[in-house]
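S.K.: The chain contents come next:
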Amino acid sequence: MTPILEVDRLSLHYRTRFGGRIHAVDDVSFTLQKGEILGIAGESGCGKTTLVSGLMGLLIPPLHRTTGAVRIAGRDILGLTPDEARRTVLGREVSMIPQGALNSLNPTRKVKDLAADVIRSHDERADRSAIHDRLRERFTKIGLDADAVLDAYPVQLPAGTKQRVVIGISTLLNPKIVIADEPSSALDVSTQKAVIRLLFDLLDEGIVSSMIFITHELSLLRHVSSRIAVMYAGQIVELGTTEQVIFDGRQPYTRALMGSMLSAEPGQKARKPVAIEGAPPYLGQELHGCRFAPRCPVAKPDCAGRDQVLREVKNHWVRCHHAE
Amino acid sequence: MPSDSLCFEANHLSRAFGHGRRRRLAVNDATFTIREREIVSLVGQSGCGKTVLAKMLLRLEKPTSGQLLFRGRPIDAAADPREHWRQVQAVFQDPYAAFNQFFSIRSQLKAAFHLFPQRPSEREMEERVDQALLAVNIRPPDIEGKYPFELSGGQMQRMLLARIFILRPQVLIADEPTSMVDACSRAGILEYLMKLKEELQMTIVFVTHDIGLAYYVSDRIFILHEGQIVEQGTPDAVTQSPTSPVTRQLLDDIPSLHREWIGRAPRA
Amino acid sequence: MFANHPTLRYIAGRAGWYALTFFVAVAINFWLPRLGDANPVDTLMSKVSGSLDAKSARDKEESYLKEFGLVDLDEQGRIVRDADGVPVRTSILSQFIRYVGMSVRGDFGSSIVQYPRPVADIITTALPWTLALQIPALILGWFIGNSLGALAAYRRGVFDRVLYPMALLVSAIPSFCFGILLVYVFGIQLEWLPTLGGYDDGMNPGLTWAFVQSASQYYVLPFFSIFLLVVGGQAIGMRSMCIYELGTDYVRYAKLLGVRESMIVRYMFRNAMLPQLTGLALTLGGMVGGALIAEMIFSYPGLGLSMLTAIQSLDYPVITGCTLLVTICVLIANFTVDILIGFLDPRIRAAREGGH
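Protein chains in written order, with our numbering: chain Y, 1 to 324; chain F, 1 to 268; chain R, 1 to 356.
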C-alpha cells in the first residue's frame, strides 16, 4: 500500500542573522499510512515544531530546506509556492491542532466567523447559509452545543470547550492528515481524555484519515499511536511500533525517557523515576558523534567520536551503534 | 518525618466569588490540618478550588468564612502580610514569569538575599548561590552569564527551586510547578521538592491535577472537587483504595502504561 | 434605571464620568484666571481713566463692574452699596453660578481688549477656521498613520526600513519646532507657500473663487504641520501593535489552516486598532493642544490664535471662553471614542453583558 505521507531524508535549517545555520531537523525519514496514528516523542527543542512546519509545506524564511522531500500522494509539497501551499495543502491535505488552544482563536471574532473564514479561504463561492449549516452539523457532531458555541466569542468559552472548538475548526475541511501538537498538555487529565476520545471519533468517522500526535508523554502515546518515532536533537533516534518502543526500546535515550516516567500504579513507587540530566546540544554548530552521548547513562568511549546512523535492530529502527 | 505540631489548621474554610445569582463557592467548608515538615498535595481538576485554597495559605486570598490558623495563630494576625511571606514562599507554573528576562540568572539568584534583613558577605552569597545550584543538579559554570530565555522550562523551574534553597522559607507552596516542564525533567523537580523537605525541614503544599505526581512526593493527598475536600489520606490509601468516585475518576483518567485507558486499542 | 439594559447602563455610566470631568473642567476654567491679581475692570479703567474726571470715572467703573458681574444687584438692577456708598463685591460662589448660567446660554461675556465685542462673536468667527483645519488633519492623519504603520509591520523590508525612522523623526520633533521648520523651508527658503495668516491681506472672507483659492494656499502648511505629526505618532504605535498581533498564536494558527492573507491582515488590523483607539482617547487632548500651537505659529485665524492674542493681553473672558470650548470638544470626542471601543471590543462587550 502506498503511504499517505512520505518524509524522505528531510533536513531543515534556520539561517541566523549572522550567516550561521541551525540544523533543527536532520535526516528525518518516515511514512504514514492511511488510518494510522504516528506518535512523535521528544523533549522541547528536539525539532518537533520545525518538523511540523516542514510537514505542512510552510518553509517561511529564515527556515529553509537543506535536503530531502515531504510527499503527500506522491507530490513534493516543499516545492510549492507559499500561495499554492496555502490553497492546496494547508487545512485540506494537512491540518494542525496547535499546542496552545487557549490562545489560538482570534479574541475579537465569533467562533462562527473564524470557522467561516477557514471555509471561505478555500472555497470563495461557498454561500453563507450553506456554511452555517455545515458548521452547525460539524459542531454538533463533535459534541458541542452548536448554536451557543458558534455565536460566542472565544473568551466566553471554558478551556475544554475551546479545545473542542479548535479541533472542530482544524478538521472542518476533512484533512487527510492532522498533526496534533501537544493538544492536551494544557488540560487537566480528565479533559485530556475527552479530547483524545474526540480525535479517535474523527478518525473512525473518516473525517480525518491519519494523524501525527506529538507529545513528550510516552504514557499517552502508549494508548494513542500505533507507531512511535522518538526524536532527539533534530534526528529520529528510534522508530517502531508502540509496543517495541515503549516496552522494548533499544536506544538509550528512549530507555531514559521511559525511566523518567511517573506512574501512580500500585507497586510503581518502588521504581524510582530518574530525570534525564543536562540539556540537548545546541544545533547551530557542527555536531560529530552521538548527540546523546554527553547525557547517556551507558555511553562508551567510542560514542562521542562516531556519527550514528539509523539501523535495523529487532525489527525496528534504532540510531545507536551499541544497541542490539 | 512530619512532626506532630501543626503548620496550618483550617476550620470550615470557605471562599466565595461573585454576588447574587452568580455567587459561587470556590472553596466550600474545608476543614483540614497540615503538619510541620509534611508534603501535602492538593489534587483535582481545573476549577476544583485547589489554587484558591493555596492562595489562602499564602495569604493572597481572604477566606469569606471559617478560620485559618498558621502555627496556632490566625494567618492574618500580623498586619503586614510580608511577615507571612518571610516564612511562606511559593513557586508557580511559569518559571519564566518569575524571572526578569533582562538580567542574568545568577544575578537574580543573588538578588534573593535582598529579602534577608542582613545580607551576608559577597563571598558567602556567591558560595550559597553555588550550593543552591548544585542542590538542583546544575553546575554553576553552566549558567554563568546566561539569561532566562537561554534555558529550557525544566532548567528554569530548577532555578526557581534554587532560589527556594537560598531563601530557605519554612513553608513552600508549589502550584503546578511541573506543568510547563518536559516529562523527562519532572522526576527531577519532584526529587528536589523532597530534598527541600528532608534537608531544610520544609513544609510543602503541592498543587497538581495529576494524582500520579502527587503519589510520588506526598505524605498525604487531599482530593478536591467543586470546592470541597472529598477525600484525604496517604498516597497508598488514596490510590489503592479510593473511597470517593472523584478520586477513582482522577486515577482512571491518567494514561498509564500497564492499564487500559481509553477503552479502545490504538489504531493500526 | 437601566438595570436590565447593560448597554444603556454602560453608556450612562461613562456619561456620568464625563459629566463629572466636565464640571471639574468648568470649575478650573473659572477659578484659574481669578487666582491672579488682574481684574478686568481695572484693566479697562486703566485704558480710559486718563481722559475722565473723578465722577465720570466712578460711573464708568460701576457700569463695568455691573457688566462683568462683580457687584451685587438689587431687584431693580441697581448696584447694592454699603454704608459708605461703596459697591458690594459679589462673592466668588455667586460669580461662579452666574458664570455657569451664562456659559450654558452660550454667553461668555465681553472681551476686555475688544470691548464691547462679545466673546461668543470672537469664537464663532474663529471656530470654523479651527474646525476646518483640525478635523481633517487629525482624522486623516489618524487613518493614514495607522494604515502606514500596519503596512510597515506587515510588509517589513525596505518600506518599513524607510518609513519607521522617518516616523520616529517626525514624531520626536515638538510640534512648535516642526511648524517653524516648515515655515522656514517652504515659506522662507523655497517661497512656495504663504506662511502667516489664513488668506491674503485685504480680502473679505466669503464664498468667492478668489478667496477659496487664497485660503487653500494658506491652508497647506498648517495642515501638514498637524497632519504629519499625527501620522508619525500613530504609525509608530500601530506598527508595534501590528508586529505584536502578527506574532500571536491565533495568527499562526490561522496561517496553518490556510486562511487567506487578506483575512489575516484584517484580524491584525482590527485587533491592533483597539489599543490604538484607547491610545487615541488618551492623547486626543494633547493632539488638539499641539494643533492649537500650530495655529499660533502660522497666525492662522482660528481659536489658537484668538487664545494667543487673548493671553498676551490678559483678555480673560476670551481665554476662558476658548479653553471651555476646546474642553467641550475634546470631551465629546473622547466620549465618542470611549463608547466606540466598548462596542468594537467584544471582550469588553462580553464582560458587560455577563458572559462566561
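Please note that the accuracy of each hint is not assured.
[What the hints assert, rightly or not] To give a feel for the contact side, a few chain F residues facing chain Y, derived at Cβ under 8 angstroms: (1) Gln45; (2) Ala98; (3) Gln101; (4) Ser104; (5) Leu134; (6) Gly153; (7) Asp182; (8) Leu200; (9) Gly212; (10) Ser256.
Worth flagging that the hints you see were computed from the coordinates, not collected in a lab.
Think of the CB as a built atom: it goes at the ideal place given N, C-alpha and C, for glycine as much as any other residue.
S.K.: Next step is simple, just say for each hint if it's right about the structure.
M.R.: A quick look at each hint next to the structure:
no. : hint   : verdict
1   : Gln45  : 5 angstroms, holds
2   : Ala98  : 18 angstroms, violated
3   : Gln101 : 18 angstroms, violated
4   : Ser104 : 17 angstroms, violated
5   : Leu134 : 13 angstroms, violated
6   : Gly153 : 6 angstroms, holds
7   : Asp182 : 4 angstroms, holds
8   : Leu200 : 20 angstroms, violated
9   : Gly212 : 4 angstroms, holds
10  : Ser256 : 6 angstroms, holds
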